[in-house]
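Residue numbers (the working numbering), protein chains in the order written: chain A, 1 to 407; chain B, 1 to 319; chain C, 1 to 319; chain D, 1 to 319; chain E, 1 to 319.
Just to be clear, a hint being listed does not mean it is correct.
Unchecked claim - Here are the simulated distance ranges between beta carbons: (1) C:Ser10 - A:Asn275: 50 to 60 Å; (2) C:Asp95 - A:Leu69: 45 to 55 Å; (3) D:Pro42 - B:Glu126: 48 to 58 Å; (4) C:Ser111 - A:Ser147: 47 to 57 Å; (5) D:Glu266 - B:His160: 29 to 39 Å; (6) E:Glu158 - C:Asn240: 46 to 56 Å; (7) C:Thr127 - A:Lys100: 42 to 52 Å.
To be verified - Going by beta-carbon spacing under 7 Å, a handful of chain A positions derived as facing chain B: (8) Phe152; (9) Met260; (10) Glu263; (11) Arg293; (12) Thr338; (13) Ser340; (14) Glu344; (15) Arg346; (16) Met348; (17) Ser363; (18) Ala364; (19) Ala368; (20) Pro383; (21) Met385; (22) Gly388; (23) Ala390.
Keep in mind that the hints were calculated from the coordinates and are not lab data. Quick caveat, the model's predicted, so the values are computed rather than measured. Where a beta carbon is used, it is the ideal one built from N, C-alpha and C, also for glycine.
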Amino acid sequence: MHLPWTLKYKPKTLSEVIGNEKAKEKILQWIKEWSRGVPEKRALLIYGPPGVGKTVAVEALANDLNMELVQSNASDYRTAEAIQRFAGRSSQYGTLFGRKRLILFDEIDGITGSADRGGLREITKVIRRARTPIILIANDPYDPRFSTLRKFCELVEFKKPTMTQIIKLLTRICSLEGIRAERDALKVIAERAEGDVRSAINDLQALAQGKDKLTFEDVAWLGRRDRKEVIFNVLRRILYSRSLTGALRAANEADVDPDMLLEWIYENIPYHVKNPKELAAVMEMLALADVYRGRATASQDWSLMRYYIDFMTAGVSASWSKKSPGWTPFKFPSRIMTMSKSKEEREMLREIGLRIGRRCHISADKAAKDVIPFLKVIFQNNPEMKDGLARWFGLNEDMVKFLSGEK
Amino acid sequence: MWTEKYRPRSLDEMVDQEEIVNRLKSFVKARNVPHCIFAGPPGTGKTTAALCLAHDLYGPGYQEHLMELNASDERGINVVRETVKTFARTRSIGDVPFKILILDEADNMTSDAQQALRRTMERYTETARFILIANYSGRIIEPIQSRCAPFRFTYLPEEHIRKRIEYIAENEGVVLLEDGLKAIIELGGGDLRRTINILQTAASTGKPVDAETVYSVVGKANPKDVREMMITALNGDFINARNKLRELLLKYGLAGSDILGQIHSEVFRLNIPERWKVKIIEIIGETDYRLLQGSNEEIQLSALLAKFVEAGEEIRKGG
Amino acid sequence: MWTEKYRPRSLDEMVDQEEIVNRLKSFVKARNVPHCIFAGPPGTGKTTAALCLAHDLYGPGYQEHLMELNASDERGINVVRETVKTFARTRSIGDVPFKILILDEADNMTSDAQQALRRTMERYTETARFILIANYSGRIIEPIQSRCAPFRFTYLPEEHIRKRIEYIAENEGVVLLEDGLKAIIELGGGDLRRTINILQTAASTGKPVDAETVYSVVGKANPKDVREMMITALNGDFINARNKLRELLLKYGLAGSDILGQIHSEVFRLNIPERWKVKIIEIIGETDYRLLQGSNEEIQLSALLAKFVEAGEEIRKGG
Amino acid sequence: MWTEKYRPRSLDEMVDQEEIVNRLKSFVKARNVPHCIFAGPPGTGKTTAALCLAHDLYGPGYQEHLMELNASDERGINVVRETVKTFARTRSIGDVPFKILILDEADNMTSDAQQALRRTMERYTETARFILIANYSGRIIEPIQSRCAPFRFTYLPEEHIRKRIEYIAENEGVVLLEDGLKAIIELGGGDLRRTINILQTAASTGKPVDAETVYSVVGKANPKDVREMMITALNGDFINARNKLRELLLKYGLAGSDILGQIHSEVFRLNIPERWKVKIIEIIGETDYRLLQGSNEEIQLSALLAKFVEAGEEIRKGG
Amino acid sequence: MWTEKYRPRSLDEMVDQEEIVNRLKSFVKARNVPHCIFAGPPGTGKTTAALCLAHDLYGPGYQEHLMELNASDERGINVVRETVKTFARTRSIGDVPFKILILDEADNMTSDAQQALRRTMERYTETARFILIANYSGRIIEPIQSRCAPFRFTYLPEEHIRKRIEYIAENEGVVLLEDGLKAIIELGGGDLRRTINILQTAASTGKPVDAETVYSVVGKANPKDVREMMITALNGDFINARNKLRELLLKYGLAGSDILGQIHSEVFRLNIPERWKVKIIEIIGETDYRLLQGSNEEIQLSALLAKFVEAGEEIRKGG
């Protein structure tokens, strides 16, 4: 057999999909509604991290209910026309032979603005008129691009299965393959997978295929996917290494993108460097590093990136005494989280700024600084003036709510 | 917005910048306009003058002959070039054979972009005239300056601002008390647009406008965040100061340079030794430069906050 | 090309990355290969391993079952949706029913292209297996990482590289002196391919290969000379340091920015306090940036040495 | 534009650059012209001379045989190449078998573009002659220099400029007062074109042209005011000096860099010890750079005034 | 062009780069040439050597077997690839079965383009040999380096250049004075082509060639004048030093950055303590960068002179 095990052991029915009982229940209920007519939400948006069984679940569902699954994914063109061609008709009627049809738009994160122009808007259109069930799958449903789309979908979250569930699955596969696996070995694989079932199976195959026995020693060496432990280790070496070269080497040898590394360092510094003087010196180094990042981008000369790395590693390391207040865990960069959380808000702010700018002959930046603060006060004080101004600026409901502080 | 409602429509309605207005009127009379630079502090009537000029030149349908671009809204000079190209390609119909293009915040363009702009200006000089609006003409490159007639807008005299505000208040039926008026003018800082905005905001409370109302609405509009952030840092709490900074950048959508400008004005009001003010002002100067060179505004500004933490510590030690 | 001539043909010939090779051999034995990511620094055998795997799997005519897409090939989203899909769709003839597709420098593919790849990998998994080669696996999007078995290639131990180079030199009849060998290994920086290339270039001069020849053919200065110049400057002898610099520029025919790169590499080997190393990097970085901006090379490099002199003085003062 | 109206039409009308004009006349006589470089500061008659030469060579319809290109204007050398190709392909009719191509701002071309230009010059040397106009001949690459006859234009003597301005003023019916004339010449800085432009702008106010008007239209402070501010500071009255500065910046709306330039010129006229001039000039250099980097004008300039206060104190102490 | 007129035609005529010429002669004898890299500073005979090699190999009609491409000239590697394809497809007739392709400025190619070139070189290796000409061999990628025989060209000894120039001057009937000759050689900076070009330009004025003429035609100040200005400043006479500076800027029409370059060269010849040289060189570096950024030339250069004054004072004090 040459099949990859992810395929070989792919669930055939929904009940075989591990974990996510609630989600599966929700999907079944929604699909049942269709037999009673068109439900309120004509589409389901399944979301969750990679490898937790989203697509597999839909395929198994179609199989269980003997439905024809029509799917489109990121390897297909998904321009407005392509979507129209793919789903326009099939979303209206059943198949020739009376089989019910299930439409799946998979990997909608992969619909790009340039190559797939108008794709998302067209999907929304298809959903609004759909007479057959439609399922969408995404990793991040809160991407602002999906904000309209989301309104027409029932959201279903797929969570990471527990370690025990994964170990159980791996054990089953091993016994079917005739491999005697140590529980500790499987535990390592499951732990490393962090809930990603597919990668756990892949790892298992890479490690165990062709063997009749899998030991803890066999798995210890396997390369890690980009996981947190790696970055923790690098951070520790940068912040606490005795020599500059040690700090520098930590960054160079690590399999970590330098921009991300800077965010990690920046986030964690104040929790470790407590002495104000040292804090200022360390932050100065990060600022300097950032200057070289900017210079490299502006000049498109990437040889300047070496100074970026130098300052964020050796520079940081040399600027403090490495006396930490005690054991402090490393934190995920909160700036990244805040940025993605506030993305919608910032876009709204900019759009409001542009609308004000058009009326008041100023830039969006200036509007944010000079007009919006006053507008907020007016909107909270005076409903009459608010309505007038909202109309005059051409603000939509969301924008008015935003400015009135209702959101 | 009252700023728009009471914006003069024609040069005749403009009461300030007398000399400038006269020169512009002579352009209208001659049916010819050179490229111009309008430079001066915010809220002194630069955009208004440009719009009035266009109005007087082309009459009521002037918008067709006019294009407004804001350099800080447009990403990159290519957009400017393309837009100008399309706009300037066709001749204006009527007795004025050129169109007018207003480029606001021209001093925010990089010098490379300005070089490209210069070429565009030259190429379309027969069919389009440019009015560049800037706070500092010094940031406009020499080759452009030498191609443009310079106009320097100055702060309006206080009596003019006072009259204007009184006029608007009366017209809008606002009960404006003397101390309120004074407060509005003071907080406006010579910027007419800002002054009118304050009036309108104060009026929106529906109460008679006295000094207290004015200070209260301006206080709400200018959240104390910047000051608070600085004090938090001086008190040694870097993490919270950084969170506040992040909020300003992300939630209020302020530009890094604007925050830095506010920090700069606040420094003088801080209760710290003079020696430290001087030091901090120097570091602000450096940060200003780095914001231009760097790529991440938050990191640059939090490095400044770290300096505040350091200053605070030394001050407490009696440094 | 010696890199080709001495490239292992089969997994058995590969002496490095032992554990990885063992795993790959087991794939061959099972006649089954999962999708893989081969990640690691350049010249550590990633491509070689992929080719050997294919060779061992299909035998001598393995090229027919193999497709390589290099960084220099177009690999945008459209190519993935068309060329790759077409290749992956058709079946291989023989006892191994799938083909192998090697994507070199996969971490340089746009994330759009990577998105388009994920389903192709899965849907055509019966007919094609992907080997993604990358320097940083972190730049491969997670959904693809989750579909692949990761293999992390590490730098080869210096003894291995040394042995390999000595073997090739002997085989090719190159007279390789000890300092030449050291220089070659140092310049190769752990990248075997690069190391062999340098050997071949140096050998082509026809002279016995010593350090001088090696540095001269690759157009670099001998690090010893660079370090000497730096130390001379730090010791306060400005004129001699400058003379050494001019000598380096003329003797080795170096560009200013290249010598700067070498100065940069030497900093960490200097015997000065750690804190000062960072300061010196600051000086170098600023100079590098100025050169890029188009400053006068000779002036800026002299100024760099002048700053070294001053730094040296302060270091001696215990600053 | 008066600069055009009063531009000489033929070499006989040119009164300046005597030696150059004579050499050019000899070309006309010989009906042959080599490739030329006209180098020198702006406004010294380079373009005028080129046009006059063409006029005298071909007679009134000279435009047909002439083409003007701005090197920094056209996007890259390709445009130059294409334009030249088309233009130079056809022979000139008449007794002069070549056309003339004027390439303005040739020193702004990149050296790559200049290399390409060199090849173009060679290819069309029979049908076209190039006149390269440049501010700095040192920025023209040698291979071009060695193909061209060099002409160096120098600043016009002040009396010539004065006469010219007086002539135009009279002709145009401008009331030009003596102090106005002086101011115009000073601000023109030896550049005739610029000087005429200032006259025209000042005249456009419709008022008699005195120094005040002149400084105001070009956006400069009256040197008298600047000197006063400096002396106030030297006398130790910082507050009033700073008020004067604010007045210049805000009321007159002057750019900080312009004020600084004026301070710089005035320093040399001050009656203070040389030692202090030196110190102040150094600080002005620093301030200039900071302003260029976008620092706050008022802050930087008041820091400079503070230095004046310090200087005054030391001078009074006999320092 | 004298550079062409006096270029050696065959290897036998080449008097410099002896070792290289000998190796090339051995290629001619063997009727076989490997791919080569000719690296070294400009004007050291790289192109000449390549042409001579071709001449000696194929005889007088050598142009048919030869193609010259400028890597940075032709738009992108595609042109190279296409041209090479067409050129290399047909075999050379005669006893040498390959053609020669000279690729100038190969180090200016991007590394992607070089990768593509590498493949092209491999594909056509039987019918074409490449000679890559580069200033910096370090910027050629290793895979190409290892395919090529490296040749390093060095600067010609001054006596050779002097002889050559004297020979040409005599042959062309140029009256060349000793100080003119010295100036030409100094400005040529070891680049023979450049040196000959300067001679030709200076000769084209028709006057006897002395130092003054030479500096004037290339747009540089006479080093004597620059040194005088510096010494005046060091002697404490700031006003006169500044007047000299203005003279250089205005009278000679020099660019500030060019003067700065000359000041830099002169500093090392000054008789002042090394400690001060260090300081001044640092300031020159800073000034250079500021000028590049667009600072006011006169302000920045006077500030530099001010530093000289200060240095002079301290030196006299025994500092």
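Outcome of the hint check:
1. Roughly 58 Å separates the CB atoms of Ser10 of chain C and Asn275 of chain A, a value that falls within the hinted 50 to 60 Å.
2. At about 32 Å, the beta-carbon gap between Asp95 of chain C and Leu69 of chain A misses the expected band of 45 to 55 Å.
3. Against the hinted window of 48 to 58 Å, the Cβ-Cβ separation of Pro42 of chain D and Glu126 of chain B comes to about 24 Å, which falls outside the hint.
4. Range check, Ser111 of chain C to Ser147 of chain A: Cβ separation about 21 Å, and the 47 to 57 Å hint is violated.
5. Checked against the hint of 29 to 39 Å, the C-beta distance between Glu266 of chain D and His160 of chain B comes to roughly 33 Å, which is consistent with it.
6. For the hinted restraint 46 to 56 Å between Glu158 of chain E and Asn240 of chain C, the CB-CB distance of approximately 22 Å leaves it violated.
7. Against the hinted window of 42 to 52 Å, the Cβ-Cβ separation of Thr127 of chain C and Lys100 of chain A comes to about 30 Å, which falls outside the hint.
8. Among the interface hints, the one on Phe152 of chain A is violated; its C-beta lies about 29 Å from the nearest C-beta in chain B, farther than the 7 Å criterion.
9. The criterion of a C-beta within 7 Å of any C-beta in chain B is not met by Met260 of chain A, whose closest approach is roughly 13 Å, and the hint is violated.
10. At its closest, the beta carbon of Glu263 of chain A sits 9 Å from a beta carbon of chain B; the interface hint therefore is violated under the 7 Å criterion.
11. Hint on Arg293 of chain A holds. Least Cβ distance to chain B is approximately 5 Å, under the 7 Å limit.
12. Because the beta carbon of Thr338 of chain A sits about 6 Å from the nearest beta carbon in chain B, less than 7 Å, this interface hint is met.
13. With a cut of 7 Å, the hint placing Ser340 of chain A at the interface with chain B is violated, because the nearest CB-to-CB distance is about 10 Å.
14. Because the beta carbon of Glu344 of chain A sits about 11 Å from the nearest beta carbon in chain B, more than 7 Å, this interface hint is broken.
15. Interface restraint check: Arg346 of chain A against chain B, minimum CB-CB distance 6 Å, threshold 7 Å, status holds.
16. Taking 7 Å as the C-beta cut-off, the interface hint given for Met348 of chain A is violated, the closest approach to chain B being about 9 Å.
17. The interface hint given for Ser363 of chain A holds, since its Cβ lies 4 Å from the closest Cβ of chain B, which is under the 7 Å cut-off.
18. Checking Ala364 of chain A against chain B by beta carbon gives a least distance of about 6 Å; that is within 7 Å, so the hint holds.
19. Using the Cβ-Cβ criterion of 7 Å, the hint placing Ala368 of chain A at the interface with chain B is satisfied: the shortest such distance is roughly 5 Å.
20. Contact between Pro383 of chain A and chain B, as hinted, is not supported at the beta carbon level, the nearest pair being about 10 Å apart and thus beyond 7 Å.
21. Using the Cβ-Cβ criterion of 7 Å, the hint placing Met385 of chain A at the interface with chain B is satisfied: the shortest such distance is roughly 5 Å.
22. For Gly388 of chain A, the shortest C-beta to C-beta distance to chain B is roughly 10 Å, which exceeds 7 Å, and the interface hint is violated.
23. A least Cβ separation of about 12 Å between Ala390 of chain A and chain B goes past the 7 Å threshold, and the interface hint is therefore violated.
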